[in-house]
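Asker: Below, each chain spelled out in residue letters.
There are 2 protein chains.
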Amino acid sequence: MLGLMQNQQLLISSLIEFADRHHGEAEVVSRRVEGDIHRYTYKQVAQRSRKVANALDKLNLAFSDRVATLAWNGYRHLELYFGVSGTGRVLHTLNPRLHPDQIVWIANHAEDQVLCFDMTFLPIIKAVHSRCTTIKHFIALCDADALPTDTGIPGLRSYEEWIGLQSSEYAWPQFDENSASSMCYTSGTTGNPKAALYSHRSTMLHAYAVAMPDVMCVSARDSILPVVPMFHVNAWGIPYTAAMTGAKLVFPGPAMDGKSIFDLIESEKVTYAAGVPTVWQMMLSHMQSNNLRFSTLKRTVIGGSACPPAMITAFNDLYGVEVLHAWGMTEMSPLGTLCTLKNKHLEMSEEEKMKVRLKQGRGIFGVDMKIVGDDGKELPWDGKAYGDLLVKGPWVIAEYYKGEAGSPLVDGWFPTGDVATIDPDGYMQITDRSKDVIKSGGEWISSIDVENIAMAHPAVAMAACIGMKHPKWDERPIIAVVKKPGAEVTREELIAFYEGKTAKWQIPDDVVFVDAIPLGATGKMQKIKLREVLRDYKLPGV
Amino acid sequence: MLGLMQNQQLLISSLIEFADRHHGEAEVVSRRVEGDIHRYTYKQVAQRSRKVANALDKLNLAFSDRVATLAWNGYRHLELYFGVSGTGRVLHTLNPRLHPDQIVWIANHAEDQVLCFDMTFLPIIKAVHSRCTTIKHFIALCDADALPTDTGIPGLRSYEEWIGLQSSEYAWPQFDENSASSMCYTSGTTGNPKAALYSHRSTMLHAYAVAMPDVMCVSARDSILPVVPMFHVNAWGIPYTAAMTGAKLVFPGPAMDGKSIFDLIESEKVTYAAGVPTVWQMMLSHMQSNNLRFSTLKRTVIGGSACPPAMITAFNDLYGVEVLHAWGMTEMSPLGTLCTLKNKHLEMSEEEKMKVRLKQGRGIFGVDMKIVGDDGKELPWDGKAYGDLLVKGPWVIAEYYKGEAGSPLVDGWFPTGDVATIDPDGYMQITDRSKDVIKSGGEWISSIDVENIAMAHPAVAMAACIGMKHPKWDERPIIAVVKKPGAEVTREELIAFYEGKTAKWQIPDDVVFVDAIPLGATGKMQKIKLREVLRDYKLPGV
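Chains A and B are the protein sequences, given in the same order. Residue 363 in this note's numbering sits at position 363 of the first sequence, with consecutive numbering throughout. Residue 514 in this note's numbering sits at position 514 of the second sequence, with consecutive numbering throughout.
Everything labelled a hint here was simulated from the structure, so no lab data went into it.
Since the list gives no way to pick one copy over another, a pair counts as held whenever it fits inside one copy or between any two copies.
Mimicking DMTMM-like on lysine to aspartate or glutamate, the simulated pairs with C-alpha atoms at most 25 Å apart in a straight line are:
# : residue 1 : residue 2
1 : 370       : 27
2 : 126       : 34
3 : 377       : 20
4 : 43        : 368
5 : 529       : 510
6 : 344       : 322
Between the sequences and the hints, there should be enough to build the whole structure, so can you do that?
Answerer: Listed below in structure tokens is the structure:
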């Protein structure tokens, strides 16, 4: 027997319609590419999103056709979020930080029909448009009079001219909530990029979860600054949750420097900001140099990579801002865990609380997780056992777009590629990437742990631990080290440095001094490239 | 094109499994019928819910069979919430405050197969069990040795004996999230009771919404006391949201007096409580008489009927507790609006904030609302125009169980039976019940407004305004008045009392003095019965 409740599909268009009716007066403020501040309300977002919808319908796009963006965080991008998905097309947020060749490859793979881009990226589009074989319409996110006439991009139109003549009335179509709503390509370290194809349902459930007090805690009294880009897994879902709750939105545009971000937080009374550690590092430096203080900021969610303890302490002790560690993936919409405290932690000392805060956090309802050993069997949640982290839930992918790389699931669970522990209270901590962990004699050695010890040596500038094949132990760790300029340390000294700091069998078998460790575009060590550099290396005594 | 996300149905069983894994250590504390305090954890709730599931499976019930409860708020009731719905059966929470004849009628109408009842209600069940024609299994919520042998109820078993021998291992079945999960009958003032039949989907979406900061703001750091009964629209959904978030749950059992509730709030460090105004009135009296203060309570949600301003002020000014007005209906799972402030209100004076707090609140995402006039056309959100309030959304009913009373929807909207205004910020205020509003010359007169003026007269103990047929104006208001003992007021004096307090055409045409105004079981005025009393009444000059 079915329940007798209304059958209302969870659709992204309902978010902006709700914000229009219930929070029409709440503000959306953007620092534009032009440098000035643009300010309007959800009522106007809704009106202009409907104009976008009408404009898209006139382009004769099919349902589910991909409409791409190459844009910073800003109000026009927000209108596309609602306008594109609301009409049943798929919003494809391209990452402008990729190499132009990759952008072309991804746009062609996605079969994008329309590309809307910020003027910042006009040079890229000029260079590559002829190789984007599926794009029929190029739209520059600018006023009509800001559009150069000599771009060479066929049919290029300005966004304002494109939507300008459209009606702000529009009846959003109703359809299956499992329909695709948006997509985001992962910047995989191996092989071609693969895309997560989100649905309206997954996006909406994720939006409810993001609002929860133990996740981002978003209310109509908040002013939110998503520094995390809208091309990076939908800015962690913040634009959707903000419309759902009527929170004020503050967009930084391209200005990510410490001063610009700090000024925006102060002028727009931001209560809550979200981003990656590097941006906050720049802001904290700016604040320390200029002896500045926050007036309104209460919380910041930090994800993308682990947050250094010193940053958590600085935010908390110097500025009274609560730092929440988050963990997720493109394949997870992206949120999986957030590190909010439980009742039992509240009376702990700051030092004890810090131990909790350094973990990636506990599962959000909607994401289940488990850790498994080499045999695929689930490991205990004791905070010690570590294994491959798998997740499942309604906002986790079932497969990649176009079935690339086959079925990723293992018995219905998505393998994250991370190695983690989970403690008895459900707090998960990433200890390594699966591909980096060293499997020695049936035991696992965390490459990160080995690196952290080397990094503590005063002569070491950078260290990367990799596993080398070993006839008896399967793998044994070695550490590749870049010395600080003018500093000296020998192989023997460094190996002796490990003594007492870790179990004997976790001490690396060898030290290799290198001039540099290969880094990727986002600053992460590229161990695959390091392995290529060391392809002729032989373990001592083997 | 569909998104490529995991197809995971929203099922109630996933709540208790999540609480088990992620919040296994969080407490559930109950004051029992026996008077003592019972204390255990979500891990144990989960284990015993699985025992309930195994026990139910052994009764050879079909999918969707109804399992009824007649019980206070307590841990065994909570286990039934998860155990019954989790197996795909329908939890039917009977209201013990109804007349036994009504309970029998409802149990037969629902075709309940099992009835689990608190020992408080043994006398009722003894009296009526033979008339409950569909119930095959009677379970008393007590220990085996607490069960009397001479009840005359065939096959009566104790809950502890019933689940005691079952395994605490159970694989919850997976099924369509639109399947019925629970049901609740409305205490309609006319005709037979009608039931809302909730689905897993509606319950789960509602649970996400309840957790949001602008709704009940529930986190793992909360200790929640639902005084609102679990037989009253699932205690406003709190048991589900608590499991979803890992909040501590505190159940009052049958002890609703001021002292018991206050003591529980203090001893269990309750941060947040929810209930109807009468319970809080008793508690505030107890606190005032004994000069008591709260140590942990921060917020209380008040619904069921409008909260008197003096109560909001007492909580806020005397005790530093934020009072949140809520509005909903059995047909709405139940939450529709909650009165949390917006950013723009924060800098207002306390007096201005109070004006907002007296309203029923603003729409939660998931419930859309509108007000319409007699012609069915939508009225503006100006805080002045009032009309019939209609709602829609995924946790609003589409129809009643067994199609009773036909299709209630009007163009997809559910008519609430309330008359309301909505202001430009989206705050809704109930001005009357639709059936009580007086329609005079194309304009509407709020019976509540007319009554409130009469009630302000020092000689008036109680006043009820009803509309009487009028040949020219359709209807005109009259006011039925009960005088205070020993007080005097004439018809002319009372009508003169209205002058300057309301528009001339809203002043009642006549005053009828009566000895008493008929009241229902919950203390609400029964205007239908008043009409019967006045059936021979004629308007003056008609």
